[in-house]
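I would like the entire structure built from these sequences, with the hints used as guidance.
Taking the numbering used here, the leading residue of the sequence shown gets 76, the next gets one more, and so forth.
Simulated from the structure, these hints should not be mistaken for laboratory data.
Note that the structure is a prediction, hence the values are computed from the model and not measured.
Every residue gets a Cβ at the ideal spot worked out from N, C-alpha and C, and that includes glycine.
Be a bit skeptical, because a hint or two may be false.
[As the list claims (entries may be wrong)] The calculated DSBU-like cross-link candidates involving lysine-lysine, where the alpha carbons are at most 30 Å apart (straight line), are:
hint: 1; residue 1: K103; residue 2: K173
hint: 2; residue 1: K106; residue 2: K173
hint: 3; residue 1: K84; residue 2: K173
hint: 4; residue 1: K103; residue 2: K84
[To be verified] Computed beta-carbon distance windows for the label pairs:
hint: 5; residue 1: E138; residue 2: I91; range: 30 to 38 Å
hint: 6; residue 1: L80; residue 2: K103; range: 28 to 36 Å
hint: 7; residue 1: F145; residue 2: K106; range: 27 to 35 Å
hint: 8; residue 1: L80; residue 2: T128; range: 21 to 29 Å
hint: 9; residue 1: E95; residue 2: G139; range: 28 to 36 Å
hint: 10; residue 1: T128; residue 2: F102; range: 17 to 25 Å
hint: 11; residue 1: E87; residue 2: N177; range: 16 to 24 Å
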Amino acid sequence: MQQILDIEKYEELQRIFVRELVEQIRFKLAKGGVSGEELHDLTLEIAFSVASTIDDQAIIEQEGTRVHPFLAFIGDEYEIIHCGENSYAHELVSDVVKEVFNR
76 MQQILDIEKY
86 EELQRIFVRE
96 LVEQIRFKLA
106 KGGVSGEELH
116 DLTLEIAFSV
126 ASTIDDQAII
136 EQEGTRVHPF
146 LAFIGDEYEI
156 IHCGENSYAH
166 ELVSDVVKEV
176 FNR
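Written as structure tokens, this is what we have:
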């Protein structure tokens, strides 16, 4: 696989990824009986937490082994699309939640 540094494409894919996270979290919470403002708030909090972990914003360590996630995407021609640094999906969560909840 070839690595491609394509920030514009990466931003597009990252936003789609965040939207899917938000929609899946919202769906599972709603299925569990959560609704209204609580559904919105929990979706936002959980999505932000998950995205921050993916973005390597939290220290992940177990038994002395540190883990540093690096988000990349597979393109149409099996290339690896990245932005050259850590992802910043957590920065998109608030706006995406507003879109999903029509706010």
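Q | Structure-inconsistent hints, enumerated in ascending order | A | Going through the list in order, the structure violates no hint and respects every one.
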